[in-house]
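Peer 1: Sequence:
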Amino acid sequence: MSDIIPPRLVLFDGICNLCNGSVRFIISRDPEAHFTFASLQSDEGQRVLRRLGLPIADLDSFVYIRDGQVYRRSAGALHVLKDLGGFWEIMYVFIIVPQPIRDLIYDIIAKNRYRWFGKRDSCMVPTPELKKRFLA
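If you count by the working numbering, then the sequence shown holds residues 22 to 157, one letter each, in order.
These are computed hints drawn from the structure, not numbers from a lab.
Incorrect hints may appear among the rest.
Straight-line Cα separation of at most 30 Å, BS3-like style, residue types lysine-lysine; simulated pairs [unchecked claim]:
#, residue 1, residue 2
1, Lys140, Lys153
2, Lys140, Lys103
3, Lys152, Lys132
4, Lys152, Lys103
5, Lys103, Lys153
6, Lys103, Lys132
7, Lys140, Lys152
Note that this is a predicted model, so its numbers are computed, not measured.
Let the sequences and hints guide you as you build the complete structure.
Peer 2: Structure, rendered in structure tokens:
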């Protein structure tokens, strides 16, 4: 267990199908492996949350940490898209929508994600070739 937080770390709900799909989306558009991942439920994810003073029981929140700056919920998702570059960077324009409105939409999706997209019995286990992209 390391005290170093990678420069681009995505913390996600490991049992949520939507969240796992989002991780696969990021990985497939990040061939240079800039992003690192950890589930919010994992020991490493919990360690990072504690270290940053974030709630460890809030599994509804997508957390993106870039160079020590923490982005949560809609801001996290938009900053990830921006950092993916290319076409996806254009989506960052939605940052102009006031945060309370963005987060209201985010919260509706987060509260219904299991019902709409399903969930797994346990956290995603990365394939051997992807394992280096996850905190262990």
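Peer 1: When the hints from earlier in the document are held up against this structure, which numbers fail?
Peer 2: Violated hints: none; all satisfied.
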